[in-house]
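Hints in hand, dock the two standalone chains.
Residue strings, one per chain:
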Amino acid sequence: MRKQQKFSRGLSDKVRKSKAAPEIQKNPFEVKINRKKFDVLGRKSKHDVGLPGVSRSKAIQKRKETLLKEFRLKDKSNKFIDRRFGEYDNKITPEEKILQRFTLERQRTHDKKDMYNLNEEEELTHYGQSLAEMEKMTDVIDSDSDSEEKGLLSAELTATHFGGGGGLLKKKSGGDEDEEQHKPKSRQELIEELIIKSKQEKRERQTQKEEAQELTEKLDQEWKSIQNLLSHKTPKAESKDDTDKPKLDQYDMMVRELGFEMKAQPSEKLKSAEELTREERERLQKLEADRLKRMMGDTEEESVQTSTHISADDINDGFILDKDDRKTLAYKEKTSKFTPGCQKSIQQDRKTNDGRWNIKGNEEEKEDEDGDDDEEEGEEEEGDDAAEDDADDDAEGEEDEEEEDDDEDDEDDHCDLQSDEGDEDEEGQGAEEEQVSAKEPPAVSEEQKKATQEAARAELPFTFKAPECYSDLKCLLQDHSSQQQRLILDRTVKCHHPSLAVGNKAKLQKLFGFLMEYVGELATQNPPDLRTINALIPQICSLCQMFPEAACKAVQTLLSDGGHSMEETLEVKGRAPMPDLDMLVLLKITAQLFPTSDFRHPVTTPAFIYISQALTKCVVSSLEDVCKGLILCCLALEFVSLSQRFFPELLNFLLGLLHLTVSNKHNTDYTVVAPFRRQERNCDLLVLKDPNASLSWNRKPISLRTAHRIPAEERDHYRLSVTDSCLDLVKRCTSLYKDLPSYGHIFQPIRTLLLKHFPVSSYPAPTQDLHREILEAIPEEPSQQAPLVFKKKKPIPLKLFAPKVVQILDYGKKRGNTKEEKERERLKHKYKREFKGALREIRKDTRFLAQEKLGDIMRRDAERKRKVKELYGSLATQEGEWKALKRKKRK
Amino acid sequence: MAPSTDSNVKEENSQGSYKKDINTKTDHVLQSKKHANDIFDVIEYLQSEKDKQIIFASNACRKIFCELSDRGDLYVGDLPEEDDLMSGDRSGEEKYRIFMRHRYNSCVEILLENIGHESFQVKETSLCTLMKFVAAEAKHPLQNPDSSEHFCFPRELLRNLVERLLSEKEDMSLLISRFQEFLEMDDVRYYVMSSVRDNIYKVMSRKKKAEIPVYKNNVFTLLSNINIPTQGPKMKKFLVRQDYRLDEWKVAKLKEHKRAFEQMWLMFLKFKLPSFMYKKILVILHESIMPQMSDPTLLIDFLSAAYDIGGAISLLALNGLFVLIHQHNLDYPDFYKKLYGLLDPSIFHVKYRARFFHLVNIFLSSTHLPAYLVAAFVKRFARLSLTAPPTALLILLPFICNLIRRHPSCRILIHRPSAAEEPCDDPYVMEEEDPAQCHALESSLWEIKTLQTHYHPDVAKAALTINEPLTEQEEDISELLELSAFEVMERELKAESKTIPLEFDTATELLKSSREVLGVHFSLE
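Residue numbers (UniProt numbering), protein chains in the order written: chain A, 1 to 891; chain B, 1 to 525.
Simulated from the structure, these hints should not be mistaken for lab results.
Calculated lysine-lysine pairs in the BS3-like style (CA-CA distance at most 30 Å, straight line): (1) K665(A) <-> K351(B); (2) K512(B) <-> K474(A); (3) K665(A) <-> K272(B); (4) K494(B) <-> K510(A); (5) K553(A) <-> K494(B); (6) K494(B) <-> K505(A); (7) K510(A) <-> K498(B); (8) K449(B) <-> K793(A); (9) K64(A) <-> K865(A); (10) K665(A) <-> K279(B); (11) K286(A) <-> K498(B); (12) K794(A) <-> K461(B); (13) K507(A) <-> K498(B); (14) K498(B) <-> K494(A); (15) K46(A) <-> K62(A); (16) K573(A) <-> K351(B); (17) K449(B) <-> K731(A); (18) K794(A) <-> K449(B); (19) K46(A) <-> K836(A); (20) K494(A) <-> K512(B); (21) K36(A) <-> K46(A); (22) K33(B) <-> K50(B); (23) K338(B) <-> K665(A).
All values reported here derive from a predicted model rather than from experimental measurement.
Bound-form chain B, shown alone (with noise of 0.2 Å):
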């Protein structure tokens, strides 16, 4: 058999001609067992230097294996080792059966390397391949169905390739989406979420203090993909069809896959993450984790590390916490005053200044909270509106006369008739944490007096509402929240103006006008 192997390869390096030998060698071999040495020839090809090539083989490997283990002449069972084969006493047939068996295993050994080649083109073929390989295994299992209930599954297959995926070193983001056609199944989705789990605590425990970014990277992306349809209890959509005991199968019920995925992410969240995968995970926590688990009170733990860590990460903890408080019955010590905590001049100029707002929002809707927790909330929010732009401020100003309107005893804010004309100082202490002792209630809104006179005209009018008293109707300000400093600048120049009024100083140079700045400390030389 080695002696044919080399001879024709690198003779022909045409075009066309390695198309026409790879064809003639996969018909060859399907149509007689007397070709079956040219079986090397195509697999010598998968290793071949040239993408094309390695893809044309890829495709007739795939042809011929599929082929063969229709015709059930791939051996199954436990496989003997290929240098016994001559000695033992078999059949021809056998013998035939043993020698294509191992020349599958190294097909698919070489397409798993082929996983990681550096050609998108070659990955790809590489995984449908293998992924037909899967089908093609578990229609007719090369092991034999004899104890557990994975009987027909090729798992051993998909964890290598799962292995492969989940590269340490290599993104392989592309790859996934690619797979995650393949991911609709539910068998498939199964096998690879219980592979997954295994393979992460695998690599992370042996690697427990070398940061793997990519690897992670990797899962997340691959975790990120995984979405178990809700439609009903029972899963309908498989890569192979089980015909028998199909209640008794797992894979059929939609609690064992939300158990598996549930337990896939859980094992992905214990170990430590940087704070970039923190946020991803974070921003996807609530829309697309969290309903598919069997118990999402399971993350507690995972979630008030994340709202400890502060920053951006805290605030996008708090929709996983929303969540679970809300709709888990969860309670949560101190929620209050850690988000009181939490209130920073950065939040006015975060990504998720929309989504913070918006929860805050909802957090303060309740009239039960008590009026100095209200009115240290308000406090904070004027103090911190000194330093903000007026993309912020246009949904924070609406937003604390919604507050104000919401708790009539926090009006004492922006009306205190009893202490008028009494000068004092602002009793206000901005660093305490606790809002209890931060003395709000006796303060007054003297920030957003000061915001009367914003250069912004709309939040200059937002500000002068405190000085009437307030009107019954809450102001809606869901729509301003994502509103984005291009935004109100489009604002303003789509509003019709009848006149435009002109400077009466004319200029006469450029650093030269009646209230110069800039000319002083700058020269045009």
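Isolated chain A, as found in the complex (with noise of 0.2 Å):
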């Protein structure tokens, strides 16, 4: 049997190790073909066809070449085990597996003997080496000159030492010839030279380290002298020290004298203008296509939630434009930014910090740098902001440079690490200035600025009490000019930066609401003082900037107020007035604080309802209504002219204020809407009174003044500008929805009236042109559109007579209800199959192992026999021999 095993197993090899041999596969007596109970249509089995001969062969050759390797090995050979902690673990970080094993080793230390030692710190280390001795700093030099003396491998050197002087003869032909023609050097002499050199030149190299050392410990020293003035931690070892203080003076010097140092050192390069406006269009463009997203409105939520969410591959760059960073632009805490070219310019003087604070590798002196660095620069824009263009105005703006300085010095004497934050938001807030005064046109004389700044400085204190309630801010601003106005804003605003004390954020988030209620007083002055209040814009922008919810609420509340006011006189009279500059001037500058063209904006949206709400109520029964009508108009043409919103109130005024010029307003063949009737008492408020008015007209701006009052006189003259500004408006609107499906519907009315009623021929010229262009822009026919169908679908697939599907089990039966039960039934079901596999295996191991160990038995035996055959054959023949000799003997 175990001959034919043999023989099987043989062929069997054979089979497997020519993999070419198909006749072995279609060898009837070698296939062995599984029985399959039911022939199931399109199911493939692997196993229908089986060779078993083969596949005992591959498996035995599999054991041989592992289990029986061992099996050799066994008892006999060494092997290294890793025994490092978690080495071939890859769940565990670098990170992660070198703490462990440090907690290990530490571990182990700790257990064998420091159980009972309390007193011994241990050692901190880096690279090895240990930390306190590289603090201590002693010993630098030694360690340098060895290293140096070490890593000495010149060019020259190798060259001379090695390869058989190649160099040294080279340098004699080269070099040496001019010098010393006529007596060329020994080789002995050659090298003596050299040894002289080297020792030269390392004495040099000794004494010029034992310079740097004394002038660093001199500056050690003298940075210990000063270094307690500037900080209030002082360090435990130099607590002592504290009594030999230097004088202020000194310490002024001192100061300086570092920070032109400072300035010495290299910092990064500066940008060009070049790059510097492509950061400036980069910002730009990603707060564009931010706004334009909130325009759309659809993505509002998703763009809140994304903004928490950081891709894991993202290398923060600020490529995605999915992005948000609206967060550079709100106010928070003391870290974040007013704006991003602050925040950057900001960065940048970090970036300096950091380079410097690797140079010096101290702490302490860090710190000190940092506040030294910003006061000097706080100092600059100080004075650039406080003297605006003055840059050579000479004693007063240098005194006040002076006490800014003392101002700034005392404020660094008792306070650390805050303020300096401070002087960086407030440093942050001076740049953002500066842009601002930069901007401006030099609308008003230079000397004339200068005058009355100067002016303005003599009688200005340079703090301010933050107003409490809003007559305290009237009382601070009254009597003041409004340039002065926004000198004391200013000044008050830098006094009580939040970031100064505890209580300032709440301070100016009122001084805002004080500000917009005193604007509002300013509107509603006879005349309204305009002036002052387009000087307090910027004023109110940053503030605004600064505290973005408080201005919101501030904002809302007023907005609010308007519209409550003007439904209840709504109720009571059932007309109301039109709203007054006040409100006009209001939604000016929420139009300037706030996006007008957000899809939903907690503070713009409600100013859109009032404005629709002012242009379909009030009534117009004067000049003055019209012209706030106007106004309204306008800021309603300039709150879409971005997100080109329809606004159908907008239209209907300008159509009834159209309708307000047209002198015969019987048999109209338009209808105007509300507020304005076909006929009423005041519908002739447009028509001119004098012909020949338009003569003598010009175009020029409307005051706003005229919404308080019309003078009496050159009435038609107003009527003429009323008119062309209205016409232009209409102009704006045609160009701005003619791309709406119903545009011709739209201006149809418009159109009709401007073409059948308008009494063109009395109107100046640019009026009529106005006119006609107008005419042009609106077609005569509304223009074609294609039916409107739904948005295409996705097809909802038919329902297919699909088959029953049944989840198919590893095991038989359908068992258990619930998910877990089946998991796990499935994992019992598998581990059963598992073992018994595993239990066949290892069954199949002992019986190869066995056979083995038989075969190494029979094979040891076999030899045996043969020995012992061997043995007997020679003691035969030897027997023989001696028999033959004794028979021989014998005969």
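Here it is, written out as structure tokens:
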């Protein structure tokens, strides 16, 4: 039987070895066919035909390679075991691994000897070297010299030492020829010379180093003496030296010195104008993209959500368009900045600081530097924006700076890091204001400005109490010129920057509300003080940037009050007057502070509704009302000019205004809508009284003051201006809405009015031009449109007669109802099968091993038998020989 | 008698004295017939300059004459002339009663005069006193109870009173509201109604051409204050209880009341009214007038006249018409055509917008309406929406969607796959008055598409619904009907928002920004 097996193994081996042996696979004696109970269509089974011989031989071969080898080497060889913690564990990150190893090591040492050792602090190391040693920095030079000695491998040296002095020979032929032609040096001499030279060099280096060390030590000494002044946190070691503090002037000097040195340090390279503009453009592009997204409105929520999530692949280069960078604009505690531009500048600052930090490598020093640097820059800034553009402004400016300097210094004396950050913030603001002032056109002549500023500086104090209520603010600002008011506000905001004290934030937030109230009052004065409002705009903007929430609340309250009072008068009287100039100015400022293009915005959407309310509900009963209405129309158009949103009330109102110019109001073939009527008491407001007025009229902007009261003279000119503006607005509307599907229908009434009823001949030429352009812009017939269809939806697939899908389970019958139970059953079944399989494998292994062992024993037995036979044979021959000899002897 | 009249009145002008005087004189008159002449003094006070004296005297008169009426000291029957008093042979008692009756009549006259007094207190006291007299007379009739069943109610007095109340010169609304208290009495109301009717007829036919807005206003105030209780067929609350023949008494029957009410209103509505009056009447018509009439269909003339006026009045007349059509089986030809004609841009701006939309919603709720009609309405609403304020649009857009949902054949207005991609003119004819001729079904709602770019976010969202197939469920617009602009604003203000985006272009000047329009036309100076 064994023979048979052997034979079969031999055959199967052959089969396996020669894979391309189809005759064996076709051999019916080799092939075993697994009978199927049912023939299932379309099912492919791997196991319908088997080659038991082949597979068995494969298995045996495998065992021979693995199990047998192991068995042979059993109890015979060593093995290297890597016991490093987690060496082959991929799940642990390298850092964790290092940490774990470190703790293990620490535990090991701790357990062993330091159990009762309480005093000894363990040593901190960096790259195996003691940090304490490094900190002392006593033996810097020694180590340096060593290393230098070791690392000296110049090309010359190697050339002279190795390669048979080839270099020397060459040198002799090249360099020495012209000097000492008469006497060629011998090799010995050359070598000596070399030695002398190197020694000399070494000495030079030595002296140089010593000098450097001396200087460093000196610097250290000096530093230690001023260190205490600069920071509250005096290191323990230096605490004793507090007594011999140097005087203040000395300190100042040293600070300047250090500051000067700082300047000499290499800093990040200055950005060229191109780079700056490019960065600015990128920033604006990003903001613009963001704004457009908000305008579309549909991604409103998403964007808010995505803002927190940062992908793992994010390399933080700000490339992603979706990234929500609105936060940069928001004010947040101390760290965030007002505008990305400022942030950038501060980051730059940080970077340069970092660079210095690397050089010095001392924390205290860094703090100090920061402080100094910022102070220095802060000074500059302060000076800049206080004196705005009078760089050559002498004595007084200097004084101011000095004074501010002192302030700053004092501050620095008793506040530490915090004030530094404050300075930074201030700096940001300063930068921003600088920008602002840079943008300003030189409307007022330089000298005039200077004069006013000097005057202002002469009388204005530098700090102001933050106003607690509205009347406080009024007291503060009243009786000052607009520029002075601006300066006062500027200083108030600076004095109460939120980083300076706890309550400042609330104070400034309140200030915004008061400021809006003040603006409202300025606008309602007679005549309105619009210049001052204009001057205050930058302040309002910057405050709004600082506190968006508070600004939002304040504007919202004002809008809601306005809307509410209008609603009330409507209910009581049935008609409401046009909003006053204060509301109009508020709306204008709203548009400047908040984006009007957003799909939905907490401030601008109510503002929209307010405008709509005013344009539909407020009666037009005088020329002043017409003016206010026109302002509202301008605002409405401004609000939608970017988003191109449709504003029906605007067009209604413009139509109404144009209707007022028509003298004959009978049988009109267009309908005017509220608040206008076809015929009412005041429907002739814009009809020209004097037909010759157009001759002396020329186009110029209407004064906003006329919203309060229009001078009695030149009313006809005023009418002409209003009509002209009105036509211009209509023209803007036509270009704004020309893509709307109902463009033609929307503008049809206006077209009819202008074409048939508008007394165009009595208007001046520019107005006539406008009139003509509008009529050209509006088509006679509404444009053609494709009929509406629903948006294409993904077709819903037909219901198919699909077979019932049954889950195929690993085990036979369906057991368990819940998912967990099923999973459990599956695992149990799998385990059982695996167990069986493993058992079978083990059995096969043992059988294989037993066979091998048996084979070994048999081989050994055969050997022994052979040897015994041999021995027997030799013995037998010996015996035979001996017997033959004996027989011979006997004979 | 005459000499004593002037003697005492003007002597004492001090505060308390006139009270004392009147009191003592009242007592005297009531105590004995000897002092009967003191009544002149009291009546004299009624014409005094001072309000307080008049009031006090009125109260005194009330006291005196009520007492006298109770005692039966007032002459009953046709009153002989006062001049004949001495000549005729009558007993002293009778003479006294005739005398007192004359004084009573003059007192009533003065009181009626006083209703036109400038002081409201005087008016009010006079009114109350007169009503007391009415009550007293009703209890003790001054006429002989002979023929009619109005036997015992002082109709003459009440008619005079009503005549004074419905003044042609003065706005009496305050007094009328005071009078309402008495109108709760069923008998008073009944007789007031009939006397109002007579009065209206008399006045209006007298002044056919002249405009008398004050009078009309007074009439309206009085009429609108009359409410008939509806709890049962029998009336229960009377000023004066009638004990016998209650069943035959007209005043006790609700039907009679309704008839009187109806006649009164119809009489009023027959005449030409100013437009504000139309509005006032139409506002209350369906709630407080129609249910109290015995036959509301009689109002059809008035309503169709109002419906033809146009504008807001037509909108309001809709409500009455609706009640008639709905509850009284009225057939109104061309109702929808007229309704269609009502739709113009002003419907979004009138005060009665909510009511109008409510009704239109009801009228168009029937699923049996032809598709062309509904389509015409939808298209017209859509066209009008181009001029509507956001408050109206917030109603209008769900309303249009609801109409399309109700009438699936109108879906073609927002989904016409057959002719997609082929631009065409809008076949709809806005000027056509007949909904059948306006080709609405061949059109599409491009106007709604336009509104998708509306500045108000909710409007834009509502307009976006036509991009997709509409859901089955209708939207409820009832709570949107009363929406005012301020409420819309408040909704926005209250909405929570996480972030507040800011404009990134920081402004430097008031009239300077990247998209400046205001600064182009206006300057600071």
